[in-house]
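Each protein sequence line maps, in turn, to chains A, B, C, D and E. Going by this note's numbering, the residue at position 16 of the first sequence is 14; the numbering climbs one at a time, nothing skipped. Going by this note's numbering, the residue at position 35 of the second sequence is 33; the numbering climbs one at a time, nothing skipped. Going by this note's numbering, the residue at position 49 of the third sequence is 47; the numbering climbs one at a time, nothing skipped. Going by this note's numbering, the residue at position 252 of the fourth sequence is 250; the numbering climbs one at a time, nothing skipped. Going by this note's numbering, the residue at position 12 of the fifth sequence is 10; the numbering climbs one at a time, nothing skipped.
Don't read these hints as lab results, they were simulated from the structure. Be aware that one or more of the hints could be misleading.
A pair counts as met if it fits within one copy or between any two copies, since identical chains are not told apart.
Said to hold, decoys possible - Below are the DSS-like pairs computed for lysine-lysine, each with C-alpha atoms no more than 27 Å apart in a straight line:
(1) K246 / K39
(2) K213 / K160
(3) K213 / K167
(4) K196 / K42
(5) K203 / K162
(6) K213 / K69
(7) K60 / K162
(8) K248 / K42
(9) K160 / K39
(10) K203 / K246
(11) K16 / K160
(12) K16 / K42
(13) K69 / K16
(14) K203 / K2
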Amino acid sequence: MNVKELRISRILNSKSGKSVIIPIDHGIVMGNVEGLEDPLKILKQLIDTGIDGTLLSPGIGKISLDLFSSKDAPGRILTADIPLLSTVPGGSGEVVGHEIIADVEFALRYNFDIVKVLLPWGEREHVQMESVRVVSDLANECDRWNMPLMVEPVLWGEAIPKEKRNDPKIIEHASRMALEMGADILKIPYTGNKSEFKDLVNNLKVPVFILGGPKMDSIEGVLRVAKESIEAGAKGIVFGRNVWQNPKMKDLVRALKMIVHDNAEISNAMNNFNLLG
Amino acid sequence: MNVKELRISRILNSKSGKSVIIPIDHGIVMGNVEGLEDPLKILKQLIDTGIDGTLLSPGIGKISLDLFSSKDAPGRILTADIPLLSTVPGGSGEVVGHEIIADVEFALRYNFDIVKVLLPWGEREHVQMESVRVVSDLANECDRWNMPLMVEPVLWGEAIPKEKRNDPKIIEHASRMALEMGADILKIPYTGNKSEFKDLVNNLKVPVFILGGPKMDSIEGVLRVAKESIEAGAKGIVFGRNVWQNPKMKDLVRALKMIVHDNAEISNAMNNFNLLG
Amino acid sequence: MNVKELRISRILNSKSGKSVIIPIDHGIVMGNVEGLEDPLKILKQLIDTGIDGTLLSPGIGKISLDLFSSKDAPGRILTADIPLLSTVPGGSGEVVGHEIIADVEFALRYNFDIVKVLLPWGEREHVQMESVRVVSDLANECDRWNMPLMVEPVLWGEAIPKEKRNDPKIIEHASRMALEMGADILKIPYTGNKSEFKDLVNNLKVPVFILGGPKMDSIEGVLRVAKESIEAGAKGIVFGRNVWQNPKMKDLVRALKMIVHDNAEISNAMNNFNLLG
Amino acid sequence: MNVKELRISRILNSKSGKSVIIPIDHGIVMGNVEGLEDPLKILKQLIDTGIDGTLLSPGIGKISLDLFSSKDAPGRILTADIPLLSTVPGGSGEVVGHEIIADVEFALRYNFDIVKVLLPWGEREHVQMESVRVVSDLANECDRWNMPLMVEPVLWGEAIPKEKRNDPKIIEHASRMALEMGADILKIPYTGNKSEFKDLVNNLKVPVFILGGPKMDSIEGVLRVAKESIEAGAKGIVFGRNVWQNPKMKDLVRALKMIVHDNAEISNAMNNFNLLG
Amino acid sequence: MNVKELRISRILNSKSGKSVIIPIDHGIVMGNVEGLEDPLKILKQLIDTGIDGTLLSPGIGKISLDLFSSKDAPGRILTADIPLLSTVPGGSGEVVGHEIIADVEFALRYNFDIVKVLLPWGEREHVQMESVRVVSDLANECDRWNMPLMVEPVLWGEAIPKEKRNDPKIIEHASRMALEMGADILKIPYTGNKSEFKDLVNNLKVPVFILGGPKMDSIEGVLRVAKESIEAGAKGIVFGRNVWQNPKMKDLVRALKMIVHDNAEISNAMNNFNLLG
């Protein structure tokens, strides 16, 4: 075990070795996003429910220390960059530009366990190169301090046609490029085919976490992504909007934990927490 | 809560908020000390028994990462200095000189939770000033990184007559001076009178940990120091030789946990783990 | 012998002084490239077959240390840059932009023997200047540390008409400019005429390695490039896709070694490893 | 495997995983020492005989690069400090003072595999603290670069009575303190009792190398130290004066290799190379 | 040829490859030394006579640039340290302390070809360690810039009895230790026996220059030291007081050049320049 692995162990359940991470860092690009208007309130509820880790922007990281006062509090992952989605706050669209907003020394000074960065693709060329630079700079600096870097490649840009943005082949390419650039952890979407995804996870070698993305149609769909990806070898899930935009947030988290840590069947988990219908 | 408190929480039991710390850093000044000849073996046994934290020299810190692979592993405190007790390895006597052996960047790079330093008193004048410098330098550097510094004032030097080395008044002076120099945590001896010690702890404000020192006469004596100091407000105990030089090490640790975390009576704890006679 | 030559000796066969290098760094620009989906599996097979060196991206460099645990393991060359071929992962086209992704301190910290960089030509003007800057920056920084820099000039850009991209004259110009910019080692294509190539190698003075490029038509063609270029004075070959995209990978590597190190005839090498037909 | 282990593998035989190291760095403290008047000549002979590694001062390191031009050349360990034995060149006596003479950046710039430092004990107090500082500074700086540090504790000083300088207990203390201070490799004397030494090696965890020290009485004695220490778990031997002050140097090295790498009996090794009588 | 060798070539006669260096740096420790009261006047005369190089303190280096305006002007060696001989200007005695007075960046900024440092022996202990530090620091810093360092070990201190200060054995030890510490060039006394000195020069490998030291009895004696040491393999001579304290300075320099560069016999050289009697 090296020091990066030791830090990563802070976001893993000590029995299952797996992880249910609920991020609340969306405000950094989305502003006052629905369901997360009061980020500390949501965070407190999530911590009470026993999540294994969360993602925090530097600002929320500074004001949320009280919620992590217990040794068994969830691990803390610093969202260190901002790929700006609009020049209008709360707006969306093509990435305007990509910048590091908190350096690794900030992460160390605030005792974060992991640093996380986005790697959007399909951007306009000069922005694309900014994204490459942001990820490379963080990878070099994190490595100097034994700080693990989680990289999340996303197919957001208009250079990728809408219908291709869930294309498993492109996701595989993007995951691999993030690995080659120095990711210590990958945060990627589940590609939908368990057997193929298992091969991908095997090939990538570093721990793979599954992102949730925009709100899915049903709770069952959310649980299915968790179930299948964990079975395919994923180390954990990182579900945000699908969790805290759901009125049954707490029970949903409990169901996710049952699936991720205890290998429960989807139906059992749903029954157990009254999530059917 | 600030970041130093957050880091300190890593060595506290999440229910009781108290701490049973078993240090294994004695080799840095004592060499191949009895009972600790195989430090990793002892450390593994202690971790299996559920201690809350340990003290490690930089060298042992580097080779023991595997033992801390679980999130609920004990917290890690870096012993960052060497007050050399003799120019002959394993020898003892007046402090020869005092040096920092691992800098705070080492502590950060290896993800230690706390840095610890000795502040011996009664030393020859030039050595005394080295000790002052070692503590001050670490206090300044730790603070830059929000890294808590545990300071352990000890009355070792010949300028303090043997019969005065347990003098509560001098211990109070020494504790206060360590606080004033910037200690974030104090590691001090229990002075023997619970009511007076309570006042001391109250006055010192920062978390106070109780050191064990040389082997005591009986297990009951060890447990009594723990019981009374915790009742007087100590945040935890740091017992080394009294623990791993005892053939009943594991049960002794369990009894200490029962006293420190569950407020057990000494007799109950001894009965529970067959430590009587 | 200077230190750069000492480091270069780590990728040379100790008897022949020549080198068979099989790179597996293609994922950094090509993503999940065919035949290299599981880079560590391929790397292990190549090492078992006795290659002299490999090229690794920073990410694969970090996770592949175990494969190099023996003193006679192949040398390690760090691919330090990314000339992005598309804003769509796995896509190809004009170079979008060119960035350093791992600095020389990373190479030293991970004990790489050599640093390698691309120098594409025919790019759009602003990208061309980025490429010039990337190569120059690495040349300066490598030199400070006695780290040899391998430069690979390539004629990829649209400013060079397709039919000119294998033009020996332009390759000679590009090789010379890379030398003048500070290359310690050159990685260039074989220009096809042994006598002319011998002159080129003589004129370039620094060690010249031959790149394989896209998959060739036949194994015999692959071996012929190796045979002729080594006879013309090349120090070694760097063949990737032509090796690990071939179903007879291991025997092909063995044949290349026989040609490069033992001066074997192509037909003998092919016979020896059943590569005919 | 981490990077330090990767670098250490450069001085290990790839089959046995063990190591025969012949140091030629004695001139840094002893001057024009007998048998080593022409260090490069001796070094060349040793390399021809197939040693696994050597120790070099910075000055000899700079002028001996040519001898290491082959990939299977021995590993290079930099002697980075000078504990001055006299103010008169070639003189001996108490250590006058202890200084670092080559920094870790020098080691990196010259591609050394390992850095080595002495830790003398029994020195006068102010010199003793210099020694502590020299070792600590190198340990911190080496660690920053993933450069392994070999520490050699020696009982040279007059504070240790002559008859105690081979005392296994003190050697055990000294070895342990070096480990705690951050040694990645230990270079210590064989204490003479195989079973006790095995325990010591087991407890120290990091690779242990055996020093030869002043010339022993017989070749058999030299081989016996090698045989017993390797059987007790030592990773290798570091024999200097006992090798190059012996007129049968080359055959002695061959015998040592046979014992260390091939587990040969002493008598067989002696017979094999005509070292009897 | 490496850069250090290139710089060294600046003080070598391009035909003979040998060198007649006349230093005028004595004022840095001796003050207004006899014969050198007007250093620039002497320097101009020496340059007119065709010396190959000189040694200059930083101060004289700054004000003497005009004298070096021609391409075939002598090479310039910077005297970078001051081993203070007395707290009274112009006084002599034990070395009071040893300091670097001009750093390597000064040498680069003023385009010096070589940096030179003294390494006195037999000093009081704390001064001896200062000398070790001065030489080590310059060796490390020079190496970073490819600047050759000339080290001059001298047996000045009272720890070495007067009658031992020309002892060839101690000079050999001192030369060797300077080499091991990183000298790129050695400046040492001729030990008096040509055959033994030849062995010494052979063993030291780096270029050896012969110092003149205090004024000798006769011009013939001066020429004899030059003749024999050059025949023994010395790269050149560095004679100061024996040259500019001699009323026949210019002819003496011409005679030295004839001996050093043209292999002339002593008698011929003396005849040629009317130096007999």
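The hints, checked one at a time:
{"no.": "1", "hint": "K246 / K39", "verdict": "within (15 Å within a copy, 44 Å between copies)"}
{"no.": "2", "hint": "K213 / K160", "verdict": "within (17 Å within a copy, 32 Å between copies)"}
{"no.": "3", "hint": "K213 / K167", "verdict": "both (23 Å within a copy, 21 Å between copies)"}
{"no.": "4", "hint": "K196 / K42", "verdict": "between (34 Å within a copy, 21 Å between copies)"}
{"no.": "5", "hint": "K203 / K162", "verdict": "within (25 Å within a copy, 41 Å between copies)"}
{"no.": "6", "hint": "K213 / K69", "verdict": "neither (32 Å within a copy, 30 Å between copies)"}
{"no.": "7", "hint": "K60 / K162", "verdict": "neither (38 Å within a copy, 31 Å between copies)"}
{"no.": "8", "hint": "K248 / K42", "verdict": "within (11 Å within a copy, 37 Å between copies)"}
{"no.": "9", "hint": "K160 / K39", "verdict": "neither (35 Å within a copy, 34 Å between copies)"}
{"no.": "10", "hint": "K203 / K246", "verdict": "between (35 Å within a copy, 25 Å between copies)"}
{"no.": "11", "hint": "K16 / K160", "verdict": "neither (32 Å within a copy, 50 Å between copies)"}
{"no.": "12", "hint": "K16 / K42", "verdict": "both (21 Å within a copy, 23 Å between copies)"}
{"no.": "13", "hint": "K69 / K16", "verdict": "both (18 Å within a copy, 11 Å between copies)"}
{"no.": "14", "hint": "K203 / K2", "verdict": "both (14 Å within a copy, 21 Å between copies)"}
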